[in-house]
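Chemist: Using the hints, put the two chains back together into the complex; each one sits in its own frame.
Line by line, the protein sequences give chains A and B. With full-length UniProt numbering, letter number 747 in the first sequence gets 747, and the count goes up by one each step, no holes. With full-length UniProt numbering, letter number 389 in the second sequence gets 389, and the count goes up by one each step, no holes.
Hints were generated in silico from the structure; no laboratory data involved. Using N, Cα and C, we set each Cβ at its ideal position, and we do this for glycine too. Worth double-checking, as some hints may not be accurate.
Some chain B residues flagged as far from chain A (calculated, every beta-carbon gap over 12 Å) [what the hints assert, rightly or not]: (1) K80; (2) D111; (3) N137; (4) V149; (5) D168; (6) G282; (7) I307.
Derived EDC-like pairs (lysine to aspartate or glutamate); straight-line CA-CA distance at most 20 Å [unchecked claim]: (8) A/K184 / B/E172; (9) A/K215 / B/D260; (10) B/K61 / B/D85; (11) A/K215 / B/D329; (12) A/K285 / B/E325; (13) A/K229 / B/D184; (14) A/K215 / B/D167; (15) B/K301 / A/D286; (16) A/K184 / B/E191; (17) A/K229 / B/E172; (18) A/K285 / B/E239; (19) A/K215 / B/D168.
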Amino acid sequence: MAQKTMCVSQEGPANALALNRENNQVVIAGRNVFKVFSIEEEGFSESCNLRVGKNLNLNFSCNDVAWNTLEDSTLATAATNGAVVLWNLGKPSRSKQQHVFMDHKRTVNKVSFHPTEAHWLISGSQDGTMKCFDIRMREATRTFMSNTESIRDVQFSPHNSLTAFAAVSENGNVQLWDVRRPDKCTHQYTAHSGPVFACDWHPECNWLATASRDKTIKVWDPSGGSSGKPVLEYTISTIASVGRIKWRPQRKHHIASCALVVDSSINVWDIRRPYIPFASFKEHKDVATGLAWRGDPQVFLSVSRDCTLVHHVFKDATRPADQANPQGISLNPAGDVAFASRISTNNVPFSAKLQGYLRKSHLTSEQFCQATSSMHLYSVKAIRETRCFVESARRYILNGRPLAEMCDHNAGVAKDLGRHQVSLVWSIIKTLYWSSRGGPGDTNPPSTAAVSGSLREENSASNEITTVGTVVSAAGCETEQRSVRSGGGVLGVSTATNGDVSGTGGTVDGGGEPFPTEEEPEIDETTEIFQNGVHFGLPSFSKAPMTQGDFFFGDGEMDPLDMDTGLGVGNTVGVGGGLLSGVGVINGGSQVGPGGGAADEWMLPSEAFPLRHEILDRSPPPETFPNHLEPSEQETQAVAVEEQPAPLLNVSALTAPLMWDCGNVVADALRHHASLGDVQMAASALLVLGEKRRGLNIDEATQEHWMLGYIDVLGRHELYNVASQVIQLSWLPNVNQLSQQSTTYYTCCGNCEKPLLRTGWLCDRCHSSESSLCGVCHQVVKGLYAWCQGCAHGGHIHHIQQWLTTNKHCPSGCGHLCEYN
Amino acid sequence: MSYEQDEEDQYAQYVGSFPKEFGYGAFDGEGEGLTGPLTGEQKPRILLMGLRRSGKSSIQKVVFHKMSPNETLFLESTNKIIKDDISNSSFVQFQIWDFPGQIDFFDPTFDSDMIFGGCGALVFVIDAQDEYNDALNRLHQTVTKAHKVNPSIRFEVFIHKVDGLSDDYKMETQRDIHQRANDDLLESGQEQIHLSFHLTSIYDHSIFEAFSKVVQKLIPQLPTLENLLNILISNSAIEKAFLFDVVSKIYIATDFSPVDMQSYELCCDMIDVVIDVSCIYGLHEDAEAAAFDSQSSSLIKLNNGTILYLREVNKFLALVCILRESNFDRQGVIDYNFLCFREAIQQVFELRSKNQIANNTSSQGNNSAVGESGQNTSTGTSGTSNGLSSNPTAMDNSPSNTNESLKQTSSVIYPVSVTDSAVAS
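Extracted from the complex, chain B is given alone in its bound form (with noise of 0.2 Å):
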């Protein structure tokens, strides 16, 4: 499985320093919280909030922990707040709190300001297969409890449990939620707050591509993701991009085609193999690291004349693409295009963890030891790019080379101008 390290032995130096520097958040393999820019408390929440025996527990143990949905049926309900700090095996970097469907907002013990602060995005389950008149009442209550604690919070309703229902049904009961909720918050004159609202099953990949969406709005940097996956596509003559989390399987970005919900299924589908297979046979009897790593490949030819091409981007997420059999032919330029695009995603991030190390220097500055972290991670960010600095001269070469030596019409990213978009963005 692991990608043929002949071509890019020029790019051995940065690919190398991946795990180290790289990370939404800077993420720290030994899990020494303190010494990462966002401890615990500072990481963006997940809230999974609903009724009782509407599903969240189910959600949370099928999409992070990849337990086969069937096996749901055996899980104990919830007692109290279960926080699952899921960082340390996903490029998701947030803590999905799931809440037991009987808390009681008005229990003094109930801290709305710890729970809402740091929260970035509140799913409300709402079962569709049960009556909902109840979850819809709770759900004004919990949004607007929410809205009044932390204004900036994100509103999705997941209209659970919906693969038993016929399709037209599976519509009215979504129409019916929609218009209800809507219309309790504008009666109680909250227009301001907006909720999205999915349709979601544990029994197909629908939960999936919802918290896909729900991810997707946490990352501030989705914009500069999506443009990158564009420019690779419309270079290498990929038909459809996806950017995984390799764990979850949830993607983190993808290109401005239209989702095709088969292809997302093919493509989760490849992960489970690659995972399986490097589980299987990639294992190292010393290495504690996982099976997966970034030099992870893998490439499925499909009968129908379409290819599946996997790379990995770093630990915990993959690039899966679509593309025709035809256009495969000139592999390197993909292959070398994909590099680019790793690199920029390298970059893209850099830029972030930098802005949270200046963040985080300056509000707590008297904090030495977080200090002397972010010196470390910045000394170590700007050795990376002045790597990256000297790279671009070698890129410019290259593009003009295999133009002329492949005779290809299709163009090499420029690094230069992802950088500057990402840096702009």
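Just chain A, with the same shape it has in the complex (with noise of 0.2 Å):
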């Protein structure tokens, strides 16, 4: 048997085929083509051309054509004037033409042959009429109505009795008939919500496939066991109307359907898969009108709207199981994640077998493989937003602990409660404004240096910097790498210079090596350059490792220079020196901060590199860092300010002039969570990052604007103590001022609306104490007055929840239904 995907076109479309006993010849009809083609191993053969003669008329044109089951040359179709027409090949004559049944009255849409009784032909028409005719009699003999609509496919049963066969019909009702029994269907059902155009029994089992218009194939049980009603046990949805449909041989659970309209590919389905085709075969352009199976489960044929008689074998059929996405996911507008993905099959003892009917190898292809997968849900858990800030404004911490510590804390507050965007926000500040440095330097004061050096493995806008910092940080042994590294880049090494200077004391004696690279300065050196010279000018005494030697080498003009002791670093780099160690010398025993600022003022106008502008934008100054461990770092510094010339304190607090300014960055996250109405996140931001917010860029009337948002929300929500801590934390005036004022209550008199200055009681105008009345025990309340708020009745607050205890109304009599909280 041919064993590969071949093709003929003809003159016009075919509405049906049908293929002989032994598989090896077709017939094609529809239109204006009616012929047989004998199938070969390389392509189809055209072996008889039905449609000849004089008068070719309406018997020609077929809507459906059947071979008989068991004589050869016998063929019946079905012609759109209501002809049922016979035709024997045998015929020695040019027209083949044998027999006309004019028994319908409109277009016959069906023929089908019995399996066994080869003589019995029925067929289904539009007037909603069946007839079985006897072939060898010529006439009808029996005719059904079904007294529905026009019925679209007949079939005999091939199971359980000889004489039962199905009809469908254009309003969605399934009828099972016996041939005996003409009178009367022995069973209808409604299948389909729309007309029914095919069905087919399956071969072994008694079931009935459904073809419908409403884009369903479904599988009946008509015997239906028990009840005696027939059971719907499979149902397969499609994306268009279906036009024909036909079990799939030697495959119980497989079945071929082609489209009505749209889809032009030809789709077998394994039912217990209703929404992947197992196999689709797309070598139509336009939609299949039929379809037969060469009774063996690779091979069928088809034809098609666009004119072509194609016979298809299985291998060369697409998979669209396989290309379909196993995974899932979906989101809800609560913000809750389904997410579905098949089981990995890993886990499964015989995974290797399994995998092998996913991978389809070809022998295993044909195994139903049972695709599992498992759906996860997500549900945020049922939190509001209001919740979520009652619940952070509690467990926030805005002071008393390390940036750090506090961001970390806060991050894990709104990380809890599934606020996932704000906890980063938390965390990127923190990464920001926080040296992830090892070691000694995390408990160190966070100097400039070291917020710099983070800064600088956030940002990857200068790449040596980066480089540089990293290694800063990630090394023990600062010196030796940074000796290594420093000839990279000129910027690199200042960082490494920073970063010393900011560490441990330790680093000061490192600090010796570098002093070489900075000697290589070139013009466009920047600042921190020549402070490294002066800084390590110094200590350069003590220390001169062999790396040194190597730069020493490389950059070998400047050494001279810089065993000048930095005075001695030539043109400018030596005069910077110079000048820094003034500076720290004047510098040095006050606080850092104010030294660097110093530094600033003086180097700007000696030195005219352009850098220097950076340095005045440098966010964060040092004194910022409330840190108790800087006192002995300084300590440190100062030692070596004492025995060294000055200038080391200096060059500390002039570090960073490079370095990413990331307060817009973090002053813009914040006015986004504030423009969402999350103004806890920008207030809080603002409390924690203390005195840093000064970087940030936002005025003051902004952040003032969200302090007061936050203290009112907080107000609403009833979270005094939050709100008087964020008062009392802040640092703007206008918010500050609030813990000042006054938290009285004034009240005013019941009847004129005058304010009661005096005394709660007893009102100075009308000079009664009316309005104050109890409404229970009818004295004047002197002390706390409890009232609606609803009907403004009141009295004694003992009084007033006694009185609640037992009833609802107002106690005064006004009949209002009080409600006090």
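Modeler: Structure follows, in structure tokens:
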């Protein structure tokens, strides 16, 4: 048997095709085509054209064709004019037409022979009747009135009894008939919500498949077991109206279908997998109009409106299931996530075998693989915005701990509440403003250098800086690393030095090594280089490791200058060093921060380095780090200063001129949150950042707006403690002053609305205490007065409490249903 | 919109005579009810029945009066039988009787003989979104009563308002109603009564399709019309053809291929477009004739390589075809085939009106007025058939000419055989 896909075109589209008993010949029939082909190894060869003769009337315009199941020479066609025509291929004459039954009034939609009683032919027509013909007698033996709409398909059942047949009609009904009982159908049920176009009996089990315009194929068990009612076994949903269906031979669960419109592919479905075709054949360019299996599960033929007859083989099919994405994800508006994925078959003991199925290797491809998938549902734990707000307000830590800890904690809180975005912002703030360096550096005062170092880690804008910065943070022995790296770039060196300065006392010693590197200054070198120069110039006395030597030679010319201890660094650098040292001396006893500022002032006029302006922009002044460790370091440095010419200190203060200014980014993030209505994030971040907030470039009005907004919202949620903490922590005068305001509640007289200034119970104008009478005991209330906000009546607080335990109405008798909180 | 007259000058003689002689029943444009062979009382009736608020008036308004489905919300409930004679505007020469839901059959004033007597079809509307037990009882009652009076009546059950139901539920409702209604009939021993069920909604085209089916069953010439369409499409390489009643957009007949809902909707929409355009631009100041006349035609090319082609058959009927663009290069043949088709339809209905006139004159022979009018009509008809009989010669020549000149493979309709089949039926 031919095992390849082949194709032949005709002059017109065919409506149907039929195979003979041996499956080696195929007849195709349509409006303008009626031919018999024999199927060869390499293609089709036309063996007979039946559309011949002088009078090509409507009898040649076929709607359906059937080949006799026993006699190879007999064909029957259904004509659009209501004729059922018998053809005899064995006729010697040119015209093979044998007999015409003109019994139907309207178009005949279907003819079919009985599978075993070959002389029984049944037809179904548009006029709603079916007729059974005995081709030996040349007449219609029986007429079955369906009393429904048009009959679209009739099929003899190959099972249980020889006389049963099924008919499907355009009103969605399936009827089961017995040939011997033309008066009444044995069974009738509604199968589809649209016209049913085709039906097919399963070759082995007692199943009937129906295909409809409602885009489904349904598989029924018509006997239905105990209840006697037909049972719907399977439903397959397709993308278009289904025109024809045919069970695949020798495969219990496979059925082939073709669409009536839209979809030009022929699909073979595994009925247990109702959404994705098991195999799909896409040879046709237009919708297929007929299909027939060649008795072999691997081969079938089809005709299409694109005027072709195609011989399909299964190995050329596409497998849509293989291309389908086994994962799916979906979100709902509440933020819940559903995720479905194929259950990994690796855990299953027979994993290898199963995977073989999945891969659809040639041998196992016919096996049905029960694709199992698991479904996960992640739902946000019903935390609504207000609850989030209250929880966060309660749990956020706004002061009293190191920045990193507060950020970590707050990030954790936000994460707990499912606000991952907020949590991320906290983490980023922490990263941006806190050194991630390991070892003692962590507990060290977060000096400018450290911050800038970490910033550089974050900032990929300047590559060299990044590299060196990373090295600094990663490596324990900073000095050597640095000196090795310093050749890479001038800026890199400077960073390293900065890190060094901010580090432990040891760095002072280490600082000696890199100094030669600094001495490579070219004209474009920046301030920090000469800072370094100054810095290292002094300690260089103490150490001169091998690594240094490399640089020495590398930057040979500069070395001598360097040996002059900073002052002799040569041209500009040398001058810089001198200046710095001077400054350092001045600042020696003072704080680091001011020292930095002074250095700036000093250096700007004296040096013409373009980058110095960035020093001015350097955001976090060192004194903003209120850390206890700072003094100790300062001491170290101070010691150094004392021992050596002063500039060391200044150097540390002057660091990070190239530091990436993260303030804008953070400010943008906070503004974004505030504009989303999350003023809590903005205000809390400002509080946590403390003095560093100055680098954010957020104007005071906005800050104040956020703080007041936050306090306001806190008040509404009765979080007075948090609100007062915020007020207390606030640095803005307008906010801070809130705590200085009086907390008095002013009351007015209930009659004249004059403020009650003197006492709470006697109005100066009305001279009566009527408005402050207790509703229960009718005495004037002096002291705590509880009143209903709905009707304004009230009284002694314990009286009211008592009253309300038993009553709901106002004690004064006004009839108001009072509500006290 | 008017079809180019050039190539059909030779047929102008009978094209011009269409509106007078043609019609389902004889249509008389001037509305003189008595002159037509079918007087108001004799016209086949379609009864719309069902419980209150099941949607009967809405159906009638939407299908026959072009009311927008959304406007039906504001329809008042019907209090008396509304006899809607739509024959003046539509090919469907039926009276639609819209019954109030609360009508009582056992009321002595209820003249069941009169109501069910001349009734062709009874449409019973069931609200699928509501509890339908009462409706089923009423259905049973109505059907039994009507069948007793008039056994030839056809019963159609519209399971209505299904637009609000899911697909599965729709199916389930249909099955349930079908099962229970048939069981009821079986129990009461009325097996001979057959009900047809349709799922309908006024918000899509299902109501039009269902009404099409109802009307088709009442047209005795349906097989002939279908045959004509089959011949037309197989000879003109048309994919799908509908014969539409223009006003109601229900299809009188279609070819043998299954009706695909999208194609049907497409054709309906095309009719809307054509009517709208011709109403805006096609109306003459003086003419009281409708904008849509027997000369209208329209062609719409879709970007998927198909063409919608509309040709007017007469004042009420339009042929809408869907065909491939590649097949449309033989438009001459298609137009010629269409003219043959139109002529054949004309003959079909002439035959019918002749028969009716004959019946009328025999049954109402004492009525001289009707007799005269019948005479007049029949002479008119014979005149036309004379015109026709001269025609086949012209046609016999033209197919060969066309085939030679255009080298067409598709043959052309042979009107003689068409006439034969029409007469035979």
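Chemist: Does the structure keep B/K301 and A/D286 at a Cα separation of 20 Å or less?
Modeler: holds (19 Å)
Chemist: Given the hinted pair A/K215 and B/D167, is their Cα-Cα distance within 20 Å?
Modeler: holds (11 Å)
Chemist: Mind checking the alpha carbons of A/K215 and B/D329 for me, to see if they're no more than 20 Å apart?
Modeler: It is violated: about 34 Å lies between the C-alpha atoms, which goes past 20 Å.
Chemist: Verify that the Cβ of B/V149 lies farther than 12 Å from every Cβ atom of chain A, and report whether the claim holds or is violated.
Modeler: holds (20 Å)
Chemist: Please verify that the nearest CB of chain A lies beyond 12 Å from B/D168's CB.
Modeler: Violated: least Cβ distance 9 Å, not greater than 12 Å.
Chemist: Does the structure keep A/K285 and B/E239 at a Cα separation of 20 Å or less?
Modeler: Given that 20 Å is the threshold and the Cα spacing comes to 16 Å, the pair holds.
Chemist: Holds or violated: are the alpha carbons of B/K61 and B/D85 at most 20 Å from each other?
Modeler: Holds, at roughly 13 Å.
Chemist: Run the distance test for A/K215 versus B/D260: straight-line Cα separation, threshold 20 Å.
Modeler: holds (11 Å)
Chemist: Can the restraint linking A/K229 and B/D184 be considered satisfied, given a maximum Cα separation of 20 Å?
Modeler: holds (18 Å)
Chemist: Given the hint that A/K285 pairs with B/E325, test it: the Cα-Cα distance must not exceed 20 Å.
Modeler: The hint holds at about 15 Å.
Chemist: CA of A/K215 to CA of B/D168, is that 20 Å or under?
Modeler: With Cα atoms ~12 Å apart, A/K215 and B/D168 stay inside 20 Å; holds.
Chemist: Quick check for students: does the CB of B/G282 sit more than 12 Å from each CB in chain A?
Modeler: Since the minimum Cβ distance to chain A is about 33 Å, B/G282 lies beyond 12 Å and the statement holds.
Against the hints set out earlier in the document, violations occur for numbers 5, 8, 11.
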